[in-house]
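S.K.: Those protein sequences? They're chains P, W, L and G, same order as listed. The first sequence lines up with residues 132 to 461 when you count with my numbering. The second sequence lines up with residues 132 to 461 when you count with my numbering. The third sequence lines up with residues 2 to 356 when you count with my numbering. The fourth sequence lines up with residues 2 to 356 when you count with my numbering.
Possibly wrong hints are sitting among the right ones.
Stretch-level coverage of chain P by chain W, calculated; a stretch enters the list once three of its residues show a Cβ under 8 Å from a Cβ in chain W [as the list claims (entries may be wrong)]:
no.: 1; stretch: 212-226
no.: 2; stretch: 256-266
no.: 3; stretch: 304-312
no.: 4; stretch: 338-350
Worth flagging that the hints you see were computed from the coordinates, not collected in a lab. Given the structure is predicted, the values throughout are model-derived calculations rather than measurements. Quick reminder that beta carbons are idealized off the backbone N, C-alpha and C, glycines included.
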Amino acid sequence: MTGEPVTYVEAIRLALQDEMRRDERVFCLGEDIGQYGGAFKVTKGFLDEFGARRVVDTPISESLIVGAAIGAAIRGLRPVAEMQFADFVTCGFSQLVVNAATFHYRLGQSVPLVVRLPSGGGVGGGPYHSRNPEAWFAQSPGVKVLAPATAADAFGLMKAAIRDPDPVVYLEQKFLYRREKGTLPLGPDGDHVVPIGSAAVRRDGTQATVLSYANGVGMALEAAARAAAEDGLSVEVVDLRSLVPLDRETVIASARKTGRVLIVHEATLTAGFGAELAALVADECFEWLDAPVWRVAAPDAPTPAEKNLEDHFRPNAAKVLGALRALCAY
Amino acid sequence: MTGEPVTYVEAIRLALQDEMRRDERVFCLGEDIGQYGGAFKVTKGFLDEFGARRVVDTPISESLIVGAAIGAAIRGLRPVAEMQFADFVTCGFSQLVVNAATFHYRLGQSVPLVVRLPSGGGVGGGPYHSRNPEAWFAQSPGVKVLAPATAADAFGLMKAAIRDPDPVVYLEQKFLYRREKGTLPLGPDGDHVVPIGSAAVRRDGTQATVLSYANGVGMALEAAARAAAEDGLSVEVVDLRSLVPLDRETVIASARKTGRVLIVHEATLTAGFGAELAALVADECFEWLDAPVWRVAAPDAPTPAEKNLEDHFRPNAAKVLGALRALCAY
Amino acid sequence: MSVQPSAAPPAPGDTVPPLGAGVHAPPDVPTLAGMWRAMVLARTFEDRVVALYRQNRVTGGVYTGTGNEATSVATAWPLAPEDVILPLHRDLGAHFVRGHTPRDVMAQVLKRAAAQTGGKDTGLHLGKPGSNIVGMISHLGHMIPVAAGVALAERYRGTRGVAVTYIGDGGTSTGDFHEALNFAAVARLPLVCVVENNQWAYSTPNQLEFACARLSDRAAGYGMAGETVDGTDAIQVYDAMVRALDRARGGGGPTLLESVTFRMRGHAEHDDMKYVPPEMVAYWAARDPIDRLERHLDAMGGLDADEAARGRADAAAAVDDAVTWAEALPAPRGPEAEEGVFAYWEPRWTAPRRG
Amino acid sequence: MSVQPSAAPPAPGDTVPPLGAGVHAPPDVPTLAGMWRAMVLARTFEDRVVALYRQNRVTGGVYTGTGNEATSVATAWPLAPEDVILPLHRDLGAHFVRGHTPRDVMAQVLKRAAAQTGGKDTGLHLGKPGSNIVGMISHLGHMIPVAAGVALAERYRGTRGVAVTYIGDGGTSTGDFHEALNFAAVARLPLVCVVENNQWAYSTPNQLEFACARLSDRAAGYGMAGETVDGTDAIQVYDAMVRALDRARGGGGPTLLESVTFRMRGHAEHDDMKYVPPEMVAYWAARDPIDRLERHLDAMGGLDADEAARGRADAAAAVDDAVTWAEALPAPRGPEAEEGVFAYWEPRWTAPRRG
Ligand SMILES: Cc1ncc(C[n+]2csc(CCOP(=O)(O)OP(=O)(O)O)c2C)c(N)n1
Ligand SMILES: Cc1ncc(C[n+]2csc(CCOP(=O)(O)OP(=O)(O)O)c2C)c(N)n1
Ligand SMILES: [Mg+2]
Ligand SMILES: [Mg+2]
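Same shape as in the complex, but just chain P (with noise of 0.2 Å):
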């Protein structure tokens, strides 16, 4: 542990900007990532240090922003493409999941590309400035899916990518950008790399289990603390981190020893990436449950723009608690 807290966003750039300095394969694309830094500034200063050889400034082109990352990346490079907001995923979305993903299958080629998603609500983005994508990219074979809630976890699953052989989604919460600080638990040379595929406990309980990630993480915290102090009650905080692979282990081991379950996460509850979560619960610790599972997550609906609707769109502690609660006494 060295070092003052870092935000989630500057952890972000500092793993970038490392994996830079260390690994010359390693470089950026994306739009205005260059002399402007990038719509949220995590590749500021780079077009200075590395060149616009390694910073490479696109046009308004998220197909070929993909489509040219894979081509590099089977070329032996290692890009990290930024979209300027998760949303615009959806214009590379083939390139990624049809492409990238089914390389090494068919033709055992490694595609080492990571896509960065700045992410998800709570900033008043409305229906195109606010997306969630995790689960269109889990059921979407070829792609390892990240999605850290910590400043510490955003620097070493970032590292964790950048070196994965493999296509990985990066989702970054714009909401935890600045909010989330953390120190990053640097070894001595300066690294830290997260393990991909691992959760983290982030409070022990015995009562119920809350699996979350991302922006559902501070939300499930907050109301296990809550419940601590108001109702006593004992509750386990699970943060996924990497939804795929998914560290099963750890998210059964945790519904085991507890019975009771709780899914939270941001994106809309249909055929969202907590289904998954559901079915695995409900298939591997039927036994072990004291109560159903529950899911907490946006209604099926757009995320709307102004602050009361998004208020009540998102999930927040106060609904996780609720939950928490009526599952607890059930």
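Once you have looked at the hints, place chains W, L and G with the ligands on chain P.
M.R.: Same frame as chain P, but now just chains W, L and G with the ligands:
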């Protein structure tokens, strides 16, 4: 009940043709749908009957196809767009899930369009001609998702889709096109509409429920018949037909009745639509369950082309039967 | 036409040409004065929104069309009632010309419950069902296929309507631009696609977006008509638009009309546009489309200083009224967030909420 | 050049011009003879696959490049070893030129376990990791952005490699075509995009696909070099390709090279191509690229009837060998279907299978 049995693909053709005859606003667009009648001949003869105004051949431009359908729909027409294979809807994905899906929410603008998706495997199509894309759309609020398994439903749901005021993706199974046959239960007016959002119990049973749709239904029925004949098991088979909206009541009633639920679909497992079904059962039927909820689905991989590979890959009646036996023995 | 490409800095002493150079039959003075008023209204409205934003009375991204008024207004002005317009985020002028009022737009900007999108959507994403204005979405390029579909539908239904849509210089790089224009050309659709080349796509200059000389050079590759006009010259824009509409209505197919201007403010109000060279700002400041039209009208005797002042005061009053009215409107309550996803839906299809 | 657009039926008595018209420095006879051999091998191979398909010894869709051999071979022939090729479904000739053997391809066509894709993928979707051939996917247009990325990577890594990719006339309507070529032009990438205009996209004729006169007309709209050549004339194709490669290697950026030919068979073998007018078939039959090159070589004294017969026999023998060898290979067993999705995966991440 009138007439000779027709194939599933013929039922689609007849429904589309009849709607075009009844409603001047209905028209088709897509690749090779004119003189050629479409890759699967669904629009065969349409150009002669309806002319190039109502049978619009397009260039290879799936995003244009969906986008133009939106434009036509908001101007009072009823476009039915054909994707040559469901796989290529990835190229029109953004228009569907971002554009078509949000018009009504934000502006109260109805977008009555149908996108036909020749889906699924079992025909040696390989990784790029076998996609089951339903879960992507189920996780995209604003899009309705239909998946008929019989000729009569293919007919009746196509009619319902065309008359529906919302964007509908209509999954038609290439595997069933010529294998599946049935009589069309036409009324005196030659009409037959299957309401969207209603499931059908295809076989009554008391000891277990199979929830399925599309290609899975045939597997489930065959497995249920064998389970009855060979094991004396009474298995209920629910054909969902409509995934969004989902007939929750029928699902819940069957699951509560039998206490054992197996979910079957041809799509890949993780975050497939079966996860949503499992989550629904785990939430709503907890106290009635006598066994874990299981899913039989394809492994998380692209669809391989070669027969041995695809046979291994695809669910089938034997796999469903194996799971049913184990589940009933639980 | 002579426009300043973003690549080359303007030569000092470059002079601003007279308005309407090369236009044979310029619009009459009342038309020009009407357009000027619409342009002033757009500018006044957006200046006010910027002020409200700085006072935290408007939240979220604030995009303005400052510098784009000649394009948005003069392309919308010659439309027939049956024409359908699909404006973009810098086309407030077009909204006003086509019938949206300052109140309509202010309610939307303030995300009031009574706004067209009821606070669900932002900014200029407005257009009522049944009207001839289609509300944009953010994904650049996506409205061009929709416009093609609109054009198809108008022909199908036998109206004489033309579909008119807009795209930025940056947005021309999207796949949708290509798919839609190609189809429009093949089907000879009654469509006009106006490219608003304001030199920048967010922070990205023209030379990092495309390598052709003029974006209208793309028209030949689609087999459609193409033209580039000075987008700070309302007369040129108007004239080219009239020709494009005539062509579309006459069965001559679509037109790609590039209007070259400058984004006189940041991409949105959070953007200090540090990346824009000051000489470029100065060059285009001398070509403010409203000033140019005002000077022209003055020279023609169509708008003296008094009339101009009155015009500005009228605009300010209309905007004052819109702000007062809209600010007094209630915000959405919240539960509407879950409503209206589909045109037809039954409650039994919705899962109960946990938590 | 003179090519027959699909819209207008060929004038009777139209004569076939001599090969290499207008080419200043045509390739030497050994080069031409080498290309002829590769073209014959491709034709022979595909004719055999069709025969096997009719005998049910090959299953699935069978797409051939019959009529496209001059394009696929003469564009691949001048490549340097470091160049990277991304061929499409009608480019068997390019595969052979770039090192794939009839055995490689036949194992793939027969979906054998030892094939490059092990039966997982079909047809010409082959290209080994580490080789300079990238295996296509079916989604048309998708390989052009990939080619742009390859070109970017070659320059990044400081190789002198050029990326060469192919697209059909139909595939030029995809958004990816546009996004990739635009970026290639902006970044001046070492890329050649060969448009194989064989008059048809499945059943769709050119005039329902695009409205420009020549597809190379699009080059100007991207600010890149563009050219159209007679795709049944191996010398013209070769010559244009050499220029495009030189341009790319010399930093002159990408080229859009349209090669106009004819799809002499159905879209795939299930397709009776009833929609193709018989005159059109006849017109192009007289322009079979292999026949044309053979006559030319014969006239130059580079290939007499005996040598031609020997060449054909060699090709037949190579294909015989491939069929015998590949048919004897085992099919995949089945469980491989679940393997190899990721380059790195741990078993604990996979859910147990139910049923
Ligand atoms: C498909 C897509 N990608 C990225 C964005 C993010 N974005 C919003 S506006 C903008 C720049 C647009 O530039 P231009 O098209 O020139 O229009 P302008 O804002 O200059 O009028 C970008 C990149 C988007 N809205 N849509
Ligand atoms: C994105 C996409 N849409 C549709 C298809 C289905 N499809 C396969 S080949 C083909 C026609 C291709 O025509 P063209 O590009 O001219 O190539 P050709 O086969 O004539 O060489 C079509 C429509 C596809 N493969 N990809
Ligand atoms: Mg711009
Ligand atoms: Mg073709």
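S.K.: Has the stretch 338-350 of chain P got at least three residues whose CB is nearer than 8 Å to a CB belonging to chain W?
M.R.: With 0 residues in contact (Cβ-Cβ under 8 Å with chain W), the coverage given for the stretch 338-350 of chain P is violated.
S.K.: Do three or more residues of the stretch 304-312 of chain P come closer than 8 Å to chain W, measuring C-beta to C-beta?
M.R.: Answer violated; 0 residues pass the 8 Å Cβ test.
S.K.: Using C-beta distances, would you say chain W covers the stretch 256-266 of chain P, given that this needs three or more residues below 8 Å?
M.R.: Contact hint for the stretch 256-266 of chain P vs chain W: holds, 3 residues under 8 Å.
S.K.: Do three or more residues of the stretch 212-226 of chain P come closer than 8 Å to chain W, measuring C-beta to C-beta?
M.R.: holds (count 5)
Violated hints for the displayed structure, listed by number in ascending order: 3, 4.
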